[in-house]
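Protein chains in written order, with the numbering used here: chain A, 82 to 327; chain B, 82 to 327; chain C, 82 to 327; chain D, 82 to 327; chain E, 82 to 327.
Derived by calculation from the structure, the hints in this document are not laboratory data. It is possible that some hints are incorrect.
Heads up, the list lumps identical chains together, so a pair's fine if it works in one copy or across two of them.
Lysine-lysine pairs mimicking DSS-like chemistry, simulated, CA-CA at most 25 Å apart [unchecked claim]:
1) 255 x 125
2) 314 x 125
3) 230 x 314
4) 300 x 230
5) 230 x 297
6) 221 x 314
7) 282 x 221
8) 221 x 123
9) 314 x 203
10) 282 x 164
11) 203 x 300
12) 139 x 255
13) 125 x 221
14) 164 x 297
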Amino acid sequence: MSTTQNETQPQATTASAQGRQMVGFSFYRLDPAWRRLPDDAKRKQAEELCGVVNAYAKRLMVLTYSLVGLKPDVDFLIWCVGKSMDELQEMSAAVRQTQMAGYLSMPYAYLSMTKRSTYVDKLDPEHQDQRRFIRPAHSKYLFVYPFVKTRDWYLLPMEQRQGMMDEHIRIGSKYPSVRLHTTYSFGLDDQEFVVAFETDKAEDFLDLVMELRESKGSKYTLRDTPIFTCVAKPMPEIVREFGTPA
Amino acid sequence: MSTTQNETQPQATTASAQGRQMVGFSFYRLDPAWRRLPDDAKRKQAEELCGVVNAYAKRLMVLTYSLVGLKPDVDFLIWCVGKSMDELQEMSAAVRQTQMAGYLSMPYAYLSMTKRSTYVDKLDPEHQDQRRFIRPAHSKYLFVYPFVKTRDWYLLPMEQRQGMMDEHIRIGSKYPSVRLHTTYSFGLDDQEFVVAFETDKAEDFLDLVMELRESKGSKYTLRDTPIFTCVAKPMPEIVREFGTPA
Amino acid sequence: MSTTQNETQPQATTASAQGRQMVGFSFYRLDPAWRRLPDDAKRKQAEELCGVVNAYAKRLMVLTYSLVGLKPDVDFLIWCVGKSMDELQEMSAAVRQTQMAGYLSMPYAYLSMTKRSTYVDKLDPEHQDQRRFIRPAHSKYLFVYPFVKTRDWYLLPMEQRQGMMDEHIRIGSKYPSVRLHTTYSFGLDDQEFVVAFETDKAEDFLDLVMELRESKGSKYTLRDTPIFTCVAKPMPEIVREFGTPA
Amino acid sequence: MSTTQNETQPQATTASAQGRQMVGFSFYRLDPAWRRLPDDAKRKQAEELCGVVNAYAKRLMVLTYSLVGLKPDVDFLIWCVGKSMDELQEMSAAVRQTQMAGYLSMPYAYLSMTKRSTYVDKLDPEHQDQRRFIRPAHSKYLFVYPFVKTRDWYLLPMEQRQGMMDEHIRIGSKYPSVRLHTTYSFGLDDQEFVVAFETDKAEDFLDLVMELRESKGSKYTLRDTPIFTCVAKPMPEIVREFGTPA
Amino acid sequence: MSTTQNETQPQATTASAQGRQMVGFSFYRLDPAWRRLPDDAKRKQAEELCGVVNAYAKRLMVLTYSLVGLKPDVDFLIWCVGKSMDELQEMSAAVRQTQMAGYLSMPYAYLSMTKRSTYVDKLDPEHQDQRRFIRPAHSKYLFVYPFVKTRDWYLLPMEQRQGMMDEHIRIGSKYPSVRLHTTYSFGLDDQEFVVAFETDKAEDFLDLVMELRESKGSKYTLRDTPIFTCVAKPMPEIVREFGTPA
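Between the sequences and the hints, there should be enough to build the whole structure, so can you do that?
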């Protein structure tokens, strides 16, 4: 943030510059007008989109989810993890080159990066290091939301914050079906974190979130919406759900 | 919320995973441009939509309501209760396969799950268990809103919260024409609860809500809007109201 | 709000269920694209809309107002008072059956009910009872806004609230050109009240609102926007203002 | 605000009812689709719009400003001052009768009235009376924003408020290139005031606003956005800027 | 802010009126419908847009960035710095004269001015003066957001504010890859500042923002969103990313 690149000033640890992943959550909406196209055109466009997603899934981590009927104005999510911003943009550009892109908008998108955690996970000390790499569980459900803590949180002594994180982790450990992916958005996007939970049991996640409401850390949440319930499905199934004829 | 599915950690009660229902409130809006179509096309498309809703009403709990003239940018509600998220998405996908879907958007949608209540209903001790299954009264009016409590509520001692719930239930019992359906959205959607009230007497519900304003629990409400007034009607009547010619 | 219609529990006063009126404020917007139609089509469609409004004005209380140039994205208001929700929806459905409805949306709408006031009007003791029936003054201007009080208001002792209402009424009485219609929306819509002021002197209303800012009750206002300035005009004049050629 | 026009109650000063002006700030947006029209059509429509504005500029105070490139979704402002609401609506209706109106929307509009100030301007005692009549300086820049004070402000003793206004006026007097027009919107529109500043030196206005941040009255501001930077230009220049070919 | 241009009153320093630059951040969105045009039309329109941007880049400071896939509803940013508002508007008008402008909207735009800093940068005392002129580093990434401080900040004693700025600057100096451009919007736009950070290492900026959360000044931030991650690219590359065929 200085205006000169002063070589003699203390450098931020360069370790932080390496081994991180870029993460993009792109929520797409199909213009209802697309459904007025002839059936043949719809089938052809849907096939082209599936092909593009498939091609990128061979090079990047690309997971697809249906939100049809679950969230206003959103039809599907492409969750994409790459080594660089360039890789994410390359895939987004490829989607925009398809015919269906004439009817696609992206009402929500969240950008984040992996990073070692600031807090210690006493139940699973390897956890922090794992945070630098997204390893999806390929569960049926993904719950995603942007997350912002109050400024008061950051002014608490580290010990007090660690204590609240301990309670948080302890409650989480009661729900082993739920896997958490925390990624960081400070300065990159409106939120501080994007959190994504995978599970095969939606009711477990509901119970976990409800139980966490009574934890001490809960009152330091400034914003944790919108919350997206996403159902893992291959693209050919998703395009049928949003209106491609059989 | 741990990153590993540790089999030896204490499991969340699996009872919670069973016997719950998935609940979807899908508020649809018809693009005004649809009304410019030829009368024949409008009639045919309306009939197709009615047929799809009717088919699913045989498999799931499907209730339909008109909001024509009552709420900006909303024409009708499909209230759908099923055993799984898949069932809800299947019906949503079927709606999107109709011709009219080229003109339908879904400006509001709320997703929730049934669950035993945390509080005791001293006037009706069976009530909590009943909460796991939606049993509609098929009343004329349905009032729906997403509901979020303040974080302070969740940090109060359970005894104090139960006391305020007792007062709440006692006031509610003065309006026997009103039946409440509470469903849970923690982690699934932006709100904590979706509450839906059925009654044949809209004025009773208005008086009840006004009386509750003076109860102690009232100040722990963070958000209880938007509020939707919905009038139960069969689909063929609804499509006439939003513009299908006779 | 109980789940059973317990006949032996104390009933809410059934008096409240009678003699109330349903009130709808429907703010319509014309899509600018309508103005690109041929002059003949515009004239014909405008005439049809005027006819529908006119027909309902014989059965219900229907008052029309122009907002052309006064409020973003709103062209006109239909203020409708009937005996039931059905009557309001019937008229809304009739508007949606017109040709112009292909270009009409309803960006704002407020739903409310009449009800006896909770407070005593010492200057005009008959006032409360009159509240159950809307009697318009047919003034030139109508000022409408949704109104929500803070939750703190409802937790004040009744005596203290009545004191602040007394001051409010006393200030109001200094502006006899202004007639107030208070209607109730608790549970029916996002606001608690819809207030509508009629006057022939817009400057009187401005001065009244400004004077009320210094009253004690003023700080218990949570929300009193959007505020709509509406000018009473017959439909044929309104359609000319929003773009029908002479 | 009484329900009866009681002739014997004390009348509000009728002086206030006279000599006031109605003020409208209408911010127009051109649909980008307009730019796809043939060049001839664009030229013809632009000419028609200029003619209408020009005709009304002979009868009312009509000033035009370009916001092209300066504010999202706004292309130009028509600042109009008349003797009555009717005059404002008449001009708005005339704009809506043009061909270009098929592509014009009005995403922002502010309605207000002139009125004598409640506070004394010790540096310029004539100022309050001048407030009843808008006398534009015809400067190059106009800065407009809606303004709402906190309710706490209105509950302060008048003496304390006057003290803060004195400081405000004293700071303002250091920037003689800036002329302020304060108009009143209480009850007419969402804001309490619309403030409009004219100057030929945009940097003076920036410095003034920045200096005022440190004044005591500053913390009683509830809302002072959106802020519009407007550049005075004749309509023929404005239509070229938003896309009419030469 | 006086209503008369009193020549004898103390003048604001005229130094401030000179040597400042006008700064515009224009975020453009392409209507998805553009992508439905024939390939030839898309190529021709893209070329025309590139030509216009290129022509202005010879006269003004014009930097272009892609946001494809990174932010909802935004495709690219034109960051433009000129001597006057006229220069910014001239370029905006030229963009609006292109064929592609029929499909371009500008959902976000921020207007600001350069100005000497009020605070002393002890690590780099020349910094303040440099603030009057934007000197881009031409880094790969640009992070932009509008910034508003709480009113409480401005009522703190200058010494206390300088102390917090010292800490801020000291933390910033640990990240020499990041260059900050602070510009001023008081009175010109909704925010107080527009801040733009250039760096080749996105992770450094993330770490810097995260570290600043724990600084004392952090709690005086009222708003620092939306945050835009922008990737520096020449226009011909940007148009390919948002959908121009090769």
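Checked hints:
Taking the shortest Cα distances, residue 255 and residue 125 never come within 25 Å of each other, neither inside one copy (47 Å) nor across copies (53 Å). Proximity of residue 314 and residue 125 under a CA criterion of 25 Å is satisfied intra-copy only: 20 Å inside one chain copy versus 32 Å between copies. For a Cα distance limit of 25 Å, the shortest separation of residue 230 from residue 314 qualifies neither inside one copy, at 32 Å, nor across copies, at 33 Å. Proximity of residue 300 to residue 230 under the C-alpha cut-off of 25 Å is found in both arrangements, the shortest distances being 9 Å within a copy and 12 Å between copies.
Taking identical chains as interchangeable, the C-alpha atoms of residue 230 and residue 297 lie at most 25 Å apart whether they share a chain (13 Å) or sit on different chains (16 Å). Taking the shortest alpha-carbon separations for residue 221 and residue 314, only the intra-copy value of 8 Å comes in at or below 25 Å, while the best inter-copy value is 35 Å. For a Cα distance limit of 25 Å, the shortest separation of residue 282 from residue 221 inside one copy, 8 Å, qualifies, whereas the shortest one across copies, 35 Å, does not. Taking the shortest alpha-carbon separations for residue 221 and residue 123, neither the intra-copy value of 27 Å nor the inter-copy value of 39 Å comes in at or below 25 Å.
For the identical chains of this complex, residue 314 and residue 203 are neighbours neither inside a copy (35 Å) nor across copies (44 Å), given an alpha-carbon limit of 25 Å. Taking identical chains as interchangeable, the C-alpha atoms of residue 282 and residue 164 lie at most 25 Å apart only when they sit on different chains, with a minimum of 13 Å there against 31 Å within one chain. In this assembly of identical chains, the alpha carbons of residue 203 and residue 300 lie at most 25 Å apart only when taken from the same copy (23 Å versus 30 Å across copies). In the homo-oligomer, the alpha carbons of residue 139 and residue 255 never lie at most 25 Å apart, since the shortest distance is 35 Å inside one protomer and 39 Å across protomers.
For the identical chains of this complex, residue 125 and residue 221 are neighbours neither inside a copy (28 Å) nor across copies (37 Å), given an alpha-carbon limit of 25 Å. In this assembly of identical chains, the alpha carbons of residue 164 and residue 297 never lie at most 25 Å apart, being 36 Å within a copy and 34 Å across copies at closest.
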